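Chains as they are written, first to last, in the working numbering: chain A, 96 to 185; chain B, 13 to 361; chain C, -2 to 368.
The reader is advised that the hints may include incorrect statements.
Unchecked claim - Calculated cross-link-like contacts (lysine to aspartate or glutamate; reagent style EDC-like; alpha-carbon spacing at most 20 Å):
hint	chain 1	residue 1	chain 2	residue 2
1	C	K255	A	D129
2	A	K121	B	E284
3	A	K121	B	D215
4	C	K26	C	E54
5	C	K255	C	E284
6	C	K203	C	E174
7	C	K203	C	E248
8	A	K121	B	E144
To be verified - Not close to chain A: a few residues of chain B, all C-beta gaps over 12 Å, as computed:
hint	residue
9	H84
10	I210
11	T276
12	A278
Don't read these hints as lab results, they were simulated from the structure. Note that the coordinates shown come from a computational prediction; the quantities given were computed from them, not determined experimentally. Don't be surprised by glycine CBs; every beta carbon is placed ideally from N, CA and C.
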Amino acid sequence: MCLGVPGKVIEVRDSVAVVDFWGVRKEVRLDIVDENVVPGDYILNHVGFAIRRIPPESIAETLALYEMLLAQEGDDLMSLDVRSEIEASS
Amino acid sequence: MSAILLPFTGGRVTLKQGGGGRAMRALIERLFVRDFATMPFDGVGVDAMDDGAAIRIGDDWLVITTDSHVIHPIVFPGGDIGRLSISGTVNDLAMMGATRVLGMTCSIILEEGFSLDSLEAIQRSMIATCREANAPVVTGDTKVMGRGEIDGLVINTCGIGLTRTLVRDNGLHTGDRIIVTGNIAEHGLAVMAARHGIEFEGDLVSDVAPMNGMIDSILSDPDLADAVTAMKDPTRGGVASALHEMASKSNVGIVLEERSLPMTDAVRSVSELLGIDPLHVANEGKALLGVRADAADRILARLREHPLGRNATVIGVCGEERRGSIILDTGFGRRLLAEPEGEPLPRIC
Amino acid sequence: MSELQFRDPRLARSMAATLDRLVRDTGRKVAVMHVCGSHEQAIAKYGLRSLFPKSLEVIMGPGCPVCVTDVPEVDESVLIAAQGARIATFGDMLKVPGSVKSLADAQASGAKIDIVYSPQQAVEIARSAKEEVVLFATGFETTAVATAAVILDDPPPNFSVLSVHKYIPPVMEIIAEMPESRIEGFLAAGHAATITGSAVFEPFVKRHGIPVVIAGFEPNDIMAGLVELVDLIRARTPRVVNMFPRCVTREGNLEAQKQLWRVFRPMGGRWRGIAHVPNGNLRLRDEFAHLDARKRFPIDLTSLWDYAPPALAGQCICGDIMAGIRNPNDCRLFNRECVPENPVGACMVSNEGTCKIWHLYGGVPDLEASA
């Protein structure tokens, strides 16, 4: 049931967005997403409702985060600044 | 071995029997094989549960196959029930090596009220496909049932072919490569997308086509023909179902390389979105070939010369690990590929 | 396909090596639990378990919304269907056995069942239908917010909701408090946390001293989440860490939370196989009684019990499996009498059920990672 899939907003009509999921277009409702959504934004869809707007810059951040996980030194897996980076965005 | 119980709820057949997969095989075994196999028969018969039956005639094999078609919608992107019924039977014959079709029969049962225009369109489709496959329909039957007694129409086709060499689905050996002749999961997903009204921006079209010409280009070449150890077409139940049958009948294990599976972006997207495994989806213009390792490259090259075989790829290898099972290498790790249990339903969300 | 898919196998393998090192550093076998069917799906589908170190056990807890929907709850939907109402349900619920029948059985006997992909679809069916339409509202908090949204959006008079929604944080408490529990850390579901925020786990972590890491659903999200979780376990620092920052914030989606708690109140109730979960069930508040199917339709559960439940049901250990104390291979019925074609327990019906997933993907076979 938790098929929360990210898609790209193509069009917005009142509280409904037309979203592209890798070539498939579906209508998604915007009643519960907490930010203003415009065409070009990415949203996370769950049962036909957008539950979150995904800021595009966060994608690169996530990748950087994962690469950091691997660049560990000694006992301390993650340097303090990376941890605080995660917490700041939490 | 898991117990496969026939899901006759309250003594009545449930829809899943028609969907391919284990439930259907169990039904066939109990209904047909158990009794029909008790009569003496010289050839490849009902107990083999291969794509068709084969009867020895002198040095040749006469191959017969039959199929009933009940697809909905009757017309779908890339084809219709007419093209499907001719191709399906031609392909079953081809999978046993009978690429030369002597003749076909066609029986149609129509629901009262069925549109004449639709019927004519289906007829045009059928004759076009017959010409493509060089497979004439030589006799048939037509019936009409009352409104509501049948849904639209049902077409049954039977085909007869002749071949010197019979190819079975149980001849795989350790080391053999598995080749698929092109992009997978197109037919089933195109029909499903049409049925569920999924709007799609790209091309999601059924691959329905008669393959006897392409298969003949391999089997008529003596250098290549004897390197083909098994063949089967992955229709209902998809590649997963067909390979499971081949693996268990041949008593080998098959390791499939998920990253090598050929498929279009459209298929990738729609199957991801619907939560459906492309390996469980029906194909109607693709074949699976088991080939000896040393001949794989030459067979690939020959297949790729044919319009239907442009994307032919090696997708797996046979071995001794886990005989009868299919192991899927996902690129991350390995897991067992399950046999589909019936018609794949879009995973809900 | 898209940069939003974190599926680079190279990265996954590097993370697996890190995970291995971390687990060995602890010097013991480590068991962690995730509480989301989609996590299990992704783990199984990509064969991630063959990447995990042997001393790390990643157990699936009661995170399948279909599996935890209790027998009387299915019975309620069957009884309403028998009264002539159309039931709109998510596909997974169709075959889940009630005490006597599933909705699929009801459908075979003539009941009108519509499979929907969204609560919105159920409302649309109600708009064009003459008869009553009842949304059989299953799912956790992520799905409940969608139900709340349609309830607040002025649905037609023939529409009502049978809410069997569940709320996950309370069940984590139950698991953590179970005496047999060896769970040292939890992987929390990214989508639910998108709504509730990561802060909702802070009291839990404080109370039990068990770390919680929130992870997304791509294979590398899961690997990264596990690396972080095992590191926290190794360092004995129980905290909440958000490893899904692209979708989850500390306070979550406040608008969605507002709608959720306006429409629903948490109530104690049984989860299938898990006994009582305080505050684990979401029911409609009195303000929305006019949309509550339980108030609109007379429901007499005893009318269904005209013969004893199936004999095999007593041997089903779905409850223990969902609590992470046992796994499908421990069940005498698994893959024998209990198969997807003929399920005994809900875990074998749902696409997110542990037993179904293990059946489909071969359990935890001793296969190696990819070359």
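Status of each hint after checking the structure:
Proposed proximity of C:K255 and A:D129 is supported: the alpha carbons are some 11 Å apart, at most 20 Å. This hinted pair checks out: A:K121 and B:E284 have alpha carbons roughly 14 Å apart, not beyond 20 Å. Proposed proximity of A:K121 and B:D215 is supported: the alpha carbons are some 16 Å apart, at most 20 Å. Taken as a hint, the C:K26 and C:E54 pair is honoured in the structure, with Cα atoms around 8 Å apart against an allowance of 20 Å.
Note on C:K255 and C:E284: the hinted pairing holds, with a Cα-Cα distance of about 15 Å set against a maximum of 20 Å. Pair hint C:K203 plus C:E174 holds up; C-alpha atoms about 14 Å apart against a cutoff of 20 Å. The suggested pairing of C:K203 with C:E248 holds, with an alpha-carbon distance near 17 Å, which does not exceed 20 Å. With a C-alpha separation of about 38 Å, the suggested pair A:K121 and B:E144 falls outside the 20 Å cut-off, and the hint is violated.
With a least beta-carbon separation of about 22 Å from chain A, B:H84 lies farther than 12 Å from that chain, consistent with its non-interface assignment. The beta carbon of B:I210 is not kept farther than 12 Å from every beta carbon of chain A, the shortest such distance being approximately 6 Å. Some Cβ of chain A comes within 12 Å of the Cβ of B:T276; the nearest lies about 10 Å off, and the non-interface call is violated. Look at B:A278: its CB is around 6 Å from the nearest CB on chain A, not clear of 12 Å, so calling it non-interface is violated.
Going down the numbered hints, you'll see the structure goes against 8, 10, 11, 12, while the others check out.
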